[in-house]
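Student: Working from the sequences, and respecting the hints, build out all of it.
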Amino acid sequence: MNRRFFAGNLAVAGLALACGAASALRADDLPKAETVLDKFIEVTGGKAAYQKVHSEIESGTMAISGITATHTTFKAEPDKVYTEIVIQGVGKIEEGSNGKVAWSNSAIQGPHVKEGEEKEFSLLMARFDADVNWRSVFPKVETVGTETVGGKDCYKVVLTPKSGKPMTRYFDKESGLLLKVLMTTTSAMGEVTVESTLEDYRKEGDLLRPHKIGNKAMGQQFSITIDKVQYNPEIPASKFDLPQEIQALLNKDKK
Amino acid sequence: MLMKDAKLNFVLFPRPEPFRGPLAVLVDGCSASTSEIFAEGMKDIHRARVFGARTAAAALPSTFEVLPNGDGFQYAIANYISQGGRPLEGTGVTPDEEVKPTRRQLLDGHDPALEAALGWIDRQKRSER
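Chains as they are written, first to last, in this note's numbering: chain A, 33 to 287; chain B, 166 to 294.
Bear in mind the hints are in silico, worked out from the structure with no lab data behind them.
None of the hints are false.
Computed spacing ranges between beta-carbons, pair by pair:
#	chain 1	residue 1	chain 2	residue 2	range
1	A	GLY246	B	PHE175	22 to 28 Å
2	A	LYS286	B	THR199	32 to 38 Å
3	B	ASP170	A	VAL122	25 to 31 Å
4	B	LYS265	A	SER91	49 to 55 Å
5	A	SER91	B	PRO277	48 to 54 Å
6	B	ASP273	A	GLU147	53 to 59 Å
7	B	LYS172	A	SER91	33 to 39 Å
8	B	ARG268	A	ALA280	46 to 52 Å
Calculated Cβ distances over 10 Å to all of chain B for the following chain A residues:
#	residue
9	ILE73
10	LYS172
11	PRO198
Note that CB positions come from ideal geometry on N, CA and C, so glycine has one too.
Tutor: Here it is, written out as structure tokens:
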């Protein structure tokens, strides 16, 4: 018998019992989602600290199934993002958005211009101020219950964007920190539900940020470690230009 | 890929200027896993002709975990069904042209599957002219 699997099942059963008990809480007993989301901004540095940052570079490592990779993400206001993941022996996986076009270009899958729900989601994630200005990104937010994440009691908040699927965020009742995110993304591969746990909160400048993110998707687990964060670095505008292969696909579609 | 609680499409996006010439894929009993998925996928979309011998028939998508003692543990997480609707696990890829080398051919430095593939490519190129 796989002890880990068995233990995992017990944990899930325990969690289900805990959730059952928690769901007995009346909606009136729960704080408003607005309060929970604002508290997160407050405890991680405050609105003013967030608003001082206009661009950033975040880098670190990723590990999946014994394979390690390096990742670097460049972000700039209002909605520009470029991520580069380098897997030794495989190649480069790039993803980005210039605010209008969302794309990916992978050594494994090839170049891809995102459309529909996949594009909407990527553009949403590219919003530089999505955390601090959550009100403009998520018109509907609701605290739907409580749940335990890593032994900590959390408020479970469902955020619904203007378009696309809702996501659920779990905020530590005590510290106000975001500990887990559950979301379903749509891509050419189909619908994928991703569960991310956020740990190792440490200060980077004036902002408190998680440095370890564990992800579970499609039965696979992979972790992201953030080693370095730079605020307001000089990022050349060309960093967010569409790669040649993506531009070629767009030109081809126009014909 | 059919998983316990999800179905995932195995998607590849073509390059803007892909290679359009005749394409042969060589396989044999040592072609396993991803190489089988590749060969069957190319066959399904009629992009390549497969030469050689039936593949290993070991094509379940899997993942690795490191056990507490440092050993690696690989286990299947899904079943793979090809574009043509056929599972590869247990059946493998049947080549379009079955070519099995004899001991003598190998000792003499011949690879009959490669030679058959090259011959087919040559014929394709000639017919295109």
